[in-house]
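Two chains, two separate frames, one set of hints: put the complex together.
So the sequence lines, in the order shown, correspond to chains E and C. Note that my numbering gives residue 82 to position 82 of the first sequence, counting from 1, and the numbers run on in steps of one. Note that my numbering gives residue 362 to position 362 of the second sequence, counting from 1, and the numbers run on in steps of one.
Don't take every hint at face value.
[Unchecked claim] Quick list of the computed label-pair ranges, beta carbon to beta carbon:
id, chain 1, residue 1, chain 2, residue 2, range
1, C, 229, E, 92, 47 to 55 Å
2, E, 70, C, 381, 24 to 32 Å
3, C, 242, E, 158, 49 to 57 Å
4, E, 157, C, 318, 15 to 23 Å
5, C, 285, E, 124, 28 to 36 Å
6, E, 154, C, 284, 47 to 55 Å
7, C, 37, E, 165, 56 to 64 Å
8, C, 40, E, 149, 31 to 39 Å
9, E, 165, C, 282, 34 to 42 Å
10, E, 149, C, 381, 18 to 26 Å
11, E, 70, C, 160, 45 to 53 Å
12, E, 124, C, 160, 52 to 60 Å
13, C, 424, E, 75, 43 to 51 Å
Hints are computed from structural coordinates only; laboratory data are not their basis. Just so we're clear, the structure is a prediction, and the values are computed from it rather than from any experiment. Ideal Cβ positions, reconstructed from N, Cα and C, are used throughout, including at glycine.
The primary structure of each chain is shown beneath.
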Amino acid sequence: MSHFTKALLLVGALAASACTNANRFEDDPALSRGTAAPATGPIPGSVDDPTSTAFFQQRVGDRVLFAVDQSTLSPEARQVLDGQAQWLLTNTDYMAVIEGHADEQGTREYNIALGARRANAVMEYLTSKGVSPARLKFVSYGKERPVEICSEEACYAKNRRAVTVIAAGGLTG
Amino acid sequence: MKAFLASLSLALGLAFLPAAVQAQEPLRIEITEGVVEPMPYAVPSFVAETPEAQQYADQISRVVADDLTGTGLFREIPREAHIAQVTSFGAPVQFADWKAINAQALITGSVSADGAGRVVVKFRAWDVFAGQELGQGMQFAAPAEGWRRLAHKVADQVYSRLTGEDPYFDSRVAFVSETGPKGERVKRLAIMDYDGANIQYLTDGGAIVLAPRFSPSGDRVLYTSYQTGFPRIHVLSVGDVQSRILQAGDGQMSFAPRFSPDGRMVVYSLSQGSNTDIYAMDVASGATRRLTSTPAIETAPSFSPDGSQIVFESDRSGTQQLYIMPAMGGEARRISFGQGRYGTPVWSPRGDMIAFTKQNAGRFHIGVMRTDGSEERLLTASFLDEGPTWAPNGRVIMFARETQGAQGASALYSVDISGRNLQRVRTPAGASDPSWGPLQ
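Only chain C is shown next, with the shape it has when bound in the complex (with noise of 0.2 Å):
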């Protein structure tokens, strides 16, 4: 897996024509909190430049479109009503074609294939209303398995292009795939892209498993295993699956971990007798320092981007609110102050918002709110949803939805921070605990 990883070469801006002097404004989508009217937009099929790139040509297109029509802000012009035909990723833009049929931005590409089973994949975005190219086209290349990451590579850019927002499609997500009846699930741990497509299953589901965590850089996962017959955090190393308990004291459960934004410090709450407090280790030594000493259950402790601050709950108040706490700890402010109760922060990526779990009247929701607790949002609204995590961007929250009785099952959902475009992600079964890696 490492070294796949590390032979995905990206040919940066990589020009085939100068672009034309832009006299006007670029296209783009404003991502709002109003409503937004999708950009409608086309991909006919990339143009395979080998026989071998045959089975990859459309495919790849076919990626990108459902990256793109998948975040709410774009819509696919179905092929059907397509005019001109790409047949050679060289040729002339037929611009009043894409006019016609009103796409406002036109995505082409080509795949080669060199036959010792690496792909490249070149594309272009254009803006067909003013007539002329979005950015530099540019290059991709993976051996022949990572088609998938080509395609998101090239969605990640046209999205980029077209919303001025950091990308989030080339990257991963671990969690819990959960299978069996409600009383006996049989829960493993599992990366999958964040579409659902490559999943890779990391434990046999011979104990229970819980939270998993990415680390900053994607290389590392904490979650929380019964293996030993108690919770306990394991950390597992992605490249070659090995894992390791990280914490054993005896008598003592571990759990809710989650990495410093250095990779080197891990977060997590400890239950001696009845209580559960916040610690903080150092991942390299094992030394640790408890960061809570109140009577109260301290859990689901996240950094803040730059380190030096943890959102938390606690019951302390006498139900679950959400606090910030100086990450050496210390005096913790309270910053949830709504109806109901509140829990598992977690920091957005940009430092300004917090996510997080709330119970109120029966429901579940996941919401936002700034890290001040101003500007409440709750984004949905069920039986029972809870556990949100963060896109690389920060703009888009995956989370997992519990359905209610004895055949209920958990599936995974993504939502906009601005609370559309709720949608279920394909997991082959039961899926919970979702943690976002990196982009890669």
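So here's chain E without its partners, still in its complex pose (with noise of 0.2 Å):
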């Protein structure tokens, strides 16, 4: 009972901490308004789930880009990379597989080596900041996956990203 108590308070730590630089990625009107708020709390598995994936993808943001070609991490990345470390630190039940993935100016056995360091990337920061390397595996796609499908640059940096993919349970591969 200890236990858990000891978790949700570290969970209201995390929303707290979270809403700070919720709009990363995700705009919610109705969260910066401060309207949509329910008096019992929020629904279980919704995006103001503190525990939730929901939640981990928007509030905490669950992507991080990369520039042409590499695979360092760039300051904002790297504080997005905290709040995900403190997510996983906190909601200990979840796994996770960070998908690394290249934008498509490039050959396709490369671009799936470069998917990897960038993923590689991510892992090594997350395990730096405390998480078991053992909840964690990644994989690269390199160019097979691109979430914006114009060729432009706006379209290929949001391309050049490695995704903190949250899963319950046990991992295989």
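Here it is as structure tokens:
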């Protein structure tokens, strides 16, 4: 029981800190205006539930972006990853797969290796912040799974990414 | 499939008539780097010897013409222009009629079908202006469903006699068939004839598959699949379409496989942490050997045809460049020094050239260079060309071209190593990552 209480406290602390940088990837007008907070607490699993994967994706931020051909983490990326590490340290039931991606300006094989570099950079950062490597795996999709499909830098910039995908339970592979 | 391939029988060198003694140079088109005026030729519809053969006779002669004309080296004189009508395979050739329409070469043929499902094709090739036969008549036989192969066999013979080059039409290409939008492409492993006919799908599209590579004898295909959630090398037996994972270290990603010339070894890339290196594996025993050990990305290895060396790409200098190292690993020498980045090198079957993908100033090119890096020549240019593969005779390169933008799609193209004759390969859907198999 005392363990459970402690976990709840941590979640509360994380929720408070996450709110300060919640709008990095998702604009949520309801949140910023503070009008939607129900008196009974967040719906479990919703984006307002700090233990939910939706919260991780949208409030913590599930992805970091990279410069062309680079796998070094920018200050902005480190800030997002600090939030990810904190969330993972709090929500210990979850595992994560870090997906590395590249934009389409490159050959297929090279982009797989480049995506691996990016995913590995994220994995190393998270483990340096105390997340157990046993809870993390990484995979590279190279240029196979763009999220933005125009052939311009505006899209390329969003495709050069590493996405931390939260999964309950064990990982295989 | 296996039974079908085995039953395709060839009767080589079957002479119908003694060839006239040749007093002059044989008819020959020289393949040079200069401009080539395609050689005009005629292929009248092959003669059907039996009622069952009727449906094949015209189709076979059509495929022969498509093969020859598709090289860019020959120009077919349309049938409407023909003066002579060939109604009997054994009848004397009316050379004057073919000279009158300026056909330099003439191909005549006959097709018979025996009712038991076998088709037999005979052909003869003629030097019209010399008034004599080119080489000897031949016949090929196959089950009816293999009629296209019979046509490719005939065209291969004619091509070789007229160019002096090894043939390549009776060959297959492994590739990735692509459907669906760019962000959620469904990719299926497939094999087709070199001209896009007879597509056979080998995977169901449930997992991303990449970069199939034929074995030297064409019996197996290596490819990378995300079936486990992670990129892993699979080897598929073409005969029974069974596949297995070749390499399966936990937490590792393996990709970019290619067979050694004897088919016993596979070279590939393995990513561990941030590092990607090249390894070799003995297919039978599974024993592996690490061939590179820099912190750079090393990938896309390809053996020399004699098996003694490996060309690969590495960004150890800061950008992707091409290197050659001994097949057992060891010191590598850089061979690419031009502007831009070089990747996906593939050693030519003749051993003298390396084909590659080049990125420079926002454009992609397919190019070739000598194995010492000299005589670099770019054959194509577009928004995205990549992944060259050599025809079995080393004269033609196939590659994938992806178009720009949200509606961008990938298609296969072929180009002569002179840079001439860029042609789109007809596939029913999008296609990428071609691997040209051996002559069958």
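Here's how the hints hold up against the structure:
no.	hint	result
1	C/229 <-> E/92: 47 to 55 Å	violated, 22 Å
2	E/70 <-> C/381: 24 to 32 Å	holds, 26 Å
3	C/242 <-> E/158: 49 to 57 Å	violated, 40 Å
4	E/157 <-> C/318: 15 to 23 Å	holds, 22 Å
5	C/285 <-> E/124: 28 to 36 Å	holds, 34 Å
6	E/154 <-> C/284: 47 to 55 Å	holds, 50 Å
7	C/37 <-> E/165: 56 to 64 Å	holds, 59 Å
8	C/40 <-> E/149: 31 to 39 Å	violated, 46 Å
9	E/165 <-> C/282: 34 to 42 Å	holds, 36 Å
10	E/149 <-> C/381: 18 to 26 Å	holds, 23 Å
11	E/70 <-> C/160: 45 to 53 Å	holds, 51 Å
12	E/124 <-> C/160: 52 to 60 Å	holds, 57 Å
13	C/424 <-> E/75: 43 to 51 Å	holds, 47 Å
The structure fails hints 1, 3 and 8 (numbered hints given earlier, in ascending order).
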